[in-house]
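Visitor: Residue strings, one per chain:
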Amino acid sequence: MTELLARGVKAFGKFWWDFLVGDTPELALATGIIVALAFLLDGDRLVGAILLPLLAAAFLLASTLRGRRRAPGR
Amino acid sequence: MHSTSSTIVLVLAVFGASTVEMVEALTIVVAAGVSRGWRSALEGAAAAAVVLGVLVVVVGVPLVRYIPLDALRVVVGALLLVLGLSWLRKAILRASGHKDLHDEDKIYADTVAELSETGTEGAAPGRARVHSGRDGVAFVVAFKGVFLEGTEVVLIVISLGAAQHRLGLAALAAAAALLLVAVVGLVVSRQLSEVPENAIKTAVGIMLTSFGIFWVGEGAGVNWPGSDLAIPVLVGFFIAVTVGYTAFMRTKLPAPSPEESPAT
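Going down the list, the protein sequences come from chains A and B.
Residue numbers for the first sequence follow the working numbering, beginning at 6 and rising by one.
Residue numbers for the second sequence follow the working numbering, beginning at 158 and rising by one.
For reference, chain B alone in the conformation it holds in the complex (with noise of 0.2 Å):
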């Protein structure tokens, strides 16, 4: 029986994993399509998550029936825990200001502006010829873009769902978040900078860690006090220790240069 904590923490990091990854491939399928035509676009991007859904079921499924549990786990953990960090670590260097945050208005600029310039002869001075029909720019530009975004998450999902036996709901949670981002993004047309990203990044990074510790002290044999409900207090655990260390990283902000500073 799986416990409604773990259950949970699942569902929030897979979902939050996923529209983190899925707003900056939405960057680039809109780029795609605003320069080079929707329907390339569209479908470029529709091929990838049937790809990516096609690789949670081929890996997925025989790990989940066909590895022991214990070792899944232990395996599954550090992978986790790998991501996990890697993640609050860039949260916390952008939140503290040594790291400038994801900008997806210059990435969108600069994508449209990179295939503007692919194949433009025959169009207006200053602009993009937008195809009416299939056009392999668009098509390959998204299907790339979701890929790549989209490998972290298929890696997140697998994972996650493997090591509680819990495939089904980890993948519906990415699907979820996948169709929540395309319906916004189509809806507003454009790409999301206004989606708190680094927020998400880091709620998400304290999931996995906190997972990811979880899953290698279970499949050693480490005895969690409370068992799953060792997940939640872990969860607490890194929270308050990203918010200390973004505090401690502040002051350790280097002062800027005299000719950075405002005449006074």
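Just chain A, with the same shape it has in the complex (with noise of 0.2 Å):
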């Protein structure tokens, strides 16, 4: 029973770690970095409506650039 509950417990994890991870761990680390950014930003609010998508959009650049294809022997 409780070998079958570890079991369980351990798909459960490896589920959301290749869900939330995987093979892209800087998606996972933008998204905590804006929302840590949009909680400390609160002082200042329409500069986190500007402030986040922009993060979004070059971390988006960055990872999307981590995963192209490379000349052979690059």
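Keep in mind that the hints were calculated from the coordinates and are not lab data.
Please note: incorrect hints may appear among the correct ones.
No farther apart than 27 Å at their CA atoms in a straight line, the calculated lysine-lysine pairs in the DSS-like style are these [what the hints assert, rightly or not]:
id, chain 1, residue 1, chain 2, residue 2
1, B, K409, A, K19
2, B, K256, A, K19
3, B, K409, B, K256
4, A, K19, B, K247
5, A, K15, B, K301
6, B, K247, B, K263
7, B, K256, B, K301
8, B, K263, B, K301
9, B, K247, B, K301
Build the complex from these two chains, which are given one at a time in their own frames, with help from the hints.
Guide: If you want it as structure tokens, here you go:
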């Protein structure tokens, strides 16, 4: 029973890890930074409305560049 | 009161995400049906759909009822943002040629070949044995296909539905997509390889990212100009970003190696 429970918890954890982090940990990190920044900008709310989408776009570019096809041997 | 713009984006996002995932699931169900027998494949698919529906009710309803809205929006926003950014990344890489397009025909052929090798004793050479009664393999393969592809849909339905307190509408949009794909799949009786999957995935990625940013900001106290009207503005911004990045990434394709170049 305990073994079954442990296996279930492990599978659940693995599912969420693959789902949220997987092979793009930079996007999970980006989301964490965006959430933290949203709270930090509490005193300057309008800036958040401009900064948050720009930050998401910047992280998307970085992640896309990381996933690009490279010439063989590079 | 819910604004029309956020309702439209909610319905489109859920419907699009469900369509993409259900086309992928249909490929597996059709492969199981063709190679092992339709009865068990359809039963497996229906059982998975029921389990997914129960998940929406069991997880979604308590979320809507008992979690404070601002906290829910930050968590849901973060979830949608991770999901949206990773869908967009993949869509941009595919559209710009850095990643191969999702090939339903290949997935279908591989699944049929794999299933045909399982338990073909007594069948004619090169042909799978199609069962007239119940077949455990077809049931399990169809169940797993629908359940795994549907899990992402359930997360999107719960996230978008719970954050806007419109779980019923989100579930309805997903059910409509499921029905549409199932009916079209049954009519043409094959996998839907002509569906412009990457285009739908791009559109859904844009909507999930826009909603994600919006809910994270809203939950954290960001003052969006125009309130809910900021959602279509964010959608417009991410459309521009996606188009721009796709064009930019095309310039980053490696030059073909000499042996790949056509002889002149």
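Visitor: Broken hints, numbered, in rising order?
Guide: Of the numbered hints given earlier, the structure breaks just one, which is hint 1.
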